[in-house]
Amino acid sequence: MLNNLIIFVLAAFVGTEILSKVPQTLHTPLMSGANAISGITIVGALVAAGMTNDPWSVWIGFGALVVATINVVGGFLVTDRMLEMFGEKKRTSSPADADAAQRTNGTPA
Amino acid sequence: MKTAILDLTYLLSAVLFIFGLKRMQSPVTARTGNVLASLGMLVAVVATLFLQEILSWPMIIAGVVIGGGIGVILARTVEMTAMPELVAVFNGFGGLASALVSGAELSQHVAGTASSAFGLVPSITIALSILIGTVTFSGSIVANGKLSGWITGSPISFPGIRVLTVLLLIGAGGAMGVMIAMADAFPGLAAPMIQAAVGLGAAALLLGILLVIPIGGADMPVVVSLLNSYSGLAAATTGFVLNNTALIVSGTLVGAAGMILTVIMCDAMNRSLANVMLGGFGGGDGAAGGPDVPEGKTVNETSPDDTAILASYADKVIIVPGYGLAVAQAQHEVREMADQLEKQGVEVKYAIHPVAGRMPGHMNVLLAEANVSYEKLFELDEINSEFPTTDLAIVVGANDVVNPAAREDEDSPIYGMPILNVDEAETAVVIKRSLSPGYSGVPNDLFYADNTKMLFSDAKEAVAGITESIKEMQEA
Chain V
1 MLNNLIIFVL
11 AAFVGTEILS
21 KVPQTLHTPL
31 MSGANAISGI
41 TIVGALVAAG
51 MTNDPWSVWI
61 GFGALVVATI
71 NVVGGFLVTD
81 RMLEMFGEKK
91 RTSSPADADA
101 AQRTNGTPA
Chain U
1 MKTAILDLTY
11 LLSAVLFIFG
21 LKRMQSPVTA
31 RTGNVLASLG
41 MLVAVVATLF
51 LQEILSWPMI
61 IAGVVIGGGI
71 GVILARTVEM
81 TAMPELVAVF
91 NGFGGLASAL
101 VSGAELSQHV
111 AGTASSAFGL
121 VPSITIALSI
131 LIGTVTFSGS
141 IVANGKLSGW
151 ITGSPISFPG
161 IRVLTVLLLI
171 GAGGAMGVMI
181 AMADAFPGLA
191 APMIQAAVGL
201 GAAALLLGIL
211 LVIPIGGADM
221 PVVVSLLNSY
231 SGLAAATTGF
241 VLNNTALIVS
251 GTLVGAAGMI
261 LTVIMCDAMN
271 RSLANVMLGG
281 FGGGDGAAGG
291 PDVPEGKTVN
301 ETSPDDTAIL
311 ASYADKVIIV
321 PGYGLAVAQA
331 QHEVREMADQ
341 LEKQGVEVKY
351 AIHPVAGRMP
361 GHMNVLLAEA
371 NVSYEKLFEL
381 DEINSEFPTT
391 DLAIVVGAND
401 VVNPAAREDE
411 DSPIYGMPIL
421 NVDEAETAVV
431 IKRSLSPGYS
441 GVPNDLFYAD
451 NTKMLFSDAK
461 EAVAGITESI
471 KEMQEA
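Protein chains in written order, with our numbering: chain V, 1 to 109; chain U, 1 to 476.
I should point out that these hints are in silico values taken from the structure, not numbers from a laboratory.
Just so it is clear, CB atoms sit at the ideal spot from N, CA and C, and this is done for glycine as well.
Just to be clear, a hint being listed does not mean it is correct.
[Said to hold, decoys possible] Restraint-style ranges between C-beta atoms, simulated for each label pair:
#1 U:Ile170 <-> V:Leu5: 21 to 29 Å
#2 V:Trp59 <-> U:Asn371: 41 to 49 Å
#3 V:Met1 <-> U:Asp458: 17 to 25 Å
#4 V:Leu2 <-> U:Gly69: 23 to 31 Å
So here's chain V without its partners, still in its complex pose (with noise of 0.2 Å):
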């Protein structure tokens, strides 16, 4: 108990020291990522509903293994969706600009 109490206080200084300097560019990114990780709760859900005989504990923990892989996989992926979009311009600016100049040249004056 009071390992994992240290652990937890540790913790909170890691977090707070990387997370305070993500810009607020990033910020919903990094909610949903960081809901995404806090889904790790499926850990204890796989051991719930997998390793016991115990009907209740089975069922609950199927529950929280539906709701976490939810949270996890979603997550995850929405994240990405967001991020995939932020690195995007960087390759397809010059791209983009290309193809506006041509039709611009394509428009007779």
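Given chain V, put chain U in place with the hints provided.
Same frame as chain V, but now just chain U:
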């Protein structure tokens, strides 16, 4: 030996989470950071599956397939404008999962299949985990309702709501007390413990609802951040229940992330967390201050065509997006307008207020979706000094975050809140459907200023109109 390997792999996933989050410090590295974090999750799951004795594979496969399928569908289909709603739901599921895992652990103690002995510490941690997890769940579902509109966005309150909340808190505290007092007799005497745990869950369910319904729509960024923090804390307490380091570390990291965002949001509104949570700010009564033009004040109305002329002849234009842009889904139109202006050599920047929208960073995601480079998005501190040298500020569906009363009127409820000084630009065009006040319910003097022009329209139509007329001028 097996436990040691398992613990080490959990440590590995915790390290991967930390590296992943660290990479969130820059948009360039963020995507690989997310991949690292998901890798950490995979490691933890695979290790658990192979190093523990799985008795019922069908259960596990079914659970993962159902949950994974729902997760994929939600993540793929969600509109970027609806991101706050989705994050709220995910927060809620995280909380629910934590509460359920603790419930299952309790049930294993009843059945006598638990690996460790019961006692004082497990009873405290299980009770806490059920409490925090369930409050997170019901609070998030209400937040989702407010964000997506199936619950009204204005604060809901009724006489005695505070009393009821306090009573529920006492009830939850009582149930926790029973659980702790019964710890020694458990599991020999299981009934009181189970009843107390169920009672605690029920009280927490209602508490979560009561804590969120009195909070107005504009305060949702704070609520979503706080619930995010709770979902992390729920996972951390479940880690205490299961004696699992990975859960404690990752849960605490998420708790810290949510807490930091909560503080940033509160600062950006110049309000304390307690003030936000006690709620009832703005909403309904504000409408009374209503759409009529106050005496002695005039409104300069403008059209998309006139705005297009103003913008075309400007050297520098700053666009200030707000929640109205999200509602109208006008991000692509705004980007197109900016493209047209830039083609003519006009410098275009975006000014993003921290609480613009319904969750931290909401505007940034929308504009990123429309392919606006993050290098053109500026935070409040970076851009405010530039308004005096700006020819035209275009406010798209923002209100309270540009209200000069926050700077000038000491009696105003929003006095002291940092705002974007749009009124310092040579001309400000405000695109808005009416003169109605924002969520704070505070009338906005910016609308009546001499250098402000109002463009009464839906954000999408107005911006598309401006772009159209810029194009026409170019072709002429």
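Checked hints:
no.: 1; hint: U:Ile170 <-> V:Leu5: 21 to 29 Å; verdict: holds, 27 Å
no.: 2; hint: V:Trp59 <-> U:Asn371: 41 to 49 Å; verdict: holds, 47 Å
no.: 3; hint: V:Met1 <-> U:Asp458: 17 to 25 Å; verdict: violated, 58 Å
no.: 4; hint: V:Leu2 <-> U:Gly69: 23 to 31 Å; verdict: violated, 42 Å
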